[in-house]
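Participant: Each chain is listed here by its residues.
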Amino acid sequence: MSDLTLTTLDRDGALLEPLAGLHGSTRAEFLSKAALGGATLLAAFAAPPDADAQSAKRDVAILNFALALEYLQDAFYSEVERLGGFSGELGRQARVVGAHERAHVEALRKVLGGRAISRGRYDFRGATEKPEAFTRTAVAFEDLAVAAYKGQAPYISDSGLLVAALGIHTVEARHAAWIRRLAGSSPAPNAFDEPRTGKSVLTLVARTNFTMKTGSRRSPRFTG
Amino acid sequence: MTLVGDSPPAQPAPGARAGASTLPRPPKPAFQIGDPVPLASDRHESRWAKVKTATVARAEPRPRARPVGHLSQRTPEDTTNLVPALDRAVDRGGRLWVRVRLPVLPNNTTGWVPRRALGGYGIVHTRFVVDLDALQATLLRDGRPVMRVPVGVGTPAAPTPRGEFYVRNRLTSYRSPFYGPLAFGTSARSPTLTDWPAGGFVGIHGTNRPDLVPGRVSHGCIRLRNRDMRRLGSAMPVGTPITVR
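Chains as they are written, first to last, in my numbering: chain A, 1 to 224; chain B, 1 to 245.
Among the hints, erroneous ones may be present.
[What the hints assert, rightly or not] Okay, the calculated beta carbon distance ranges per label pair:
(1) VAL90(B) <-> ARG181(A): 20 to 28 Å
(2) LYS213(A) <-> LEU105(B): 21 to 29 Å
(3) ARG181(A) <-> ASP131(B): 49 to 57 Å
(4) ASP131(B) <-> GLY184(A): 52 to 60 Å
[Claimed, not checked] To be clear about the criterion: a stretch of chain A counts as covered by chain B if any three or more of its residues have a C-beta under 8 Å from a C-beta of chain B, and this derived list gives those stretches:
(5) 115-126
(6) 152-166
For the record, the hints were derived by calculation from the structure and aren't laboratory data.
Ideal Cβ placement from N, Cα and C applies to all residues, glycine included.
Isolated chain A, as found in the complex (with noise of 0.2 Å):
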């Protein structure tokens, strides 16, 4: 994912939730078992291990998780958009594709009602602010939704969910191809999509500080 890593952007641990909700884990359980590998993660974008779990609640830990990922686009072209500093076909892309991504938020938030997690805070470490910075890391996201929700699909039991599930996904998969022509990538380099092997991924437990820490119990020492 260029140079961003999911670790690095996700601060308050907001795709790390979900992805551990799936594996009926805690999150430090699940960076726990993670560290030992990064095949690990790899699995926990492919499948969820536990095929016994109540097909509901998993049901509903795929859609948080989707939530998450929606989460994470949207802040990522919201933020674009509030600074502005993209003109011409960028400018549009992200403008176009923020409007969607909030639409998918506000689905998945209506659907889920009071189980939807909530929204996090992520560091695009200024990947909002230069445009090949912003181009790579809209090109690493948007394969990334496609394979995240290619990779749960499959573990969804109601068909109506499904269908939904699969109506976002085909339409990041055109997100995904209009960024890579933006790029000067192929917009469908292949003519299989491979489950997802991205190094960026693997690297989920390189560091762990993703809060920020604001309050504090600490005695004041204002003038009073």
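Fit chain B to the given chain A structure using the hints.
Facilitator: The following block gives chain B in isolation, referenced to the frame of chain A:
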């Protein structure tokens, strides 16, 4: 001429050969994806960023410009330091700079820092406005008042500084009735109490003397009655800009 008897046997339509007539209808989606959602108006948004690495703030967006302040990663309360992001510029070398508000004296100082020294952006839709003449504070959300409360402010000898500041952190669970149940740290500094511990920062906090609010009673801090402070504590996020006028 083709005779009927010479016609080739009738061929099934391509779709029928593939069994199309027996394919099930697509399931109905369990939820609908609505129309694209435009970005909401950002007229009342403010952006902040955490200080990722200690850095020097400069008068202009270039590496050798005059230093105007120093930013550390932590506040005196040991929370993550954050700064409002006011503007952006790219220097001749293509490096991105951000103009930020600084928690330094003189108050209202701004400076340029390298973008790489800052973390991701946060957004707030709130603003806290303190009216020193009316002894009143107002919390705005999306430009609309959501809370208006009486306040205690600095005495003439230790006045609450006027200007533009921001909320840096939120302190809870300490044991000091003087500061009430909750306190916000701000970037404002007392211009007179410069030797105060930790730099003489102005706080927004509760009190054990509600009878003195409203009034000109503090060393510069903004005091609220504890009930008001609890309400403010749940309504005002860190990063909120403060205007003292």
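Participant: What are the numbers of the hints the structure violates, in ascending order?
Facilitator: Checked against the structure, no hint fails, so every one of them is satisfied.
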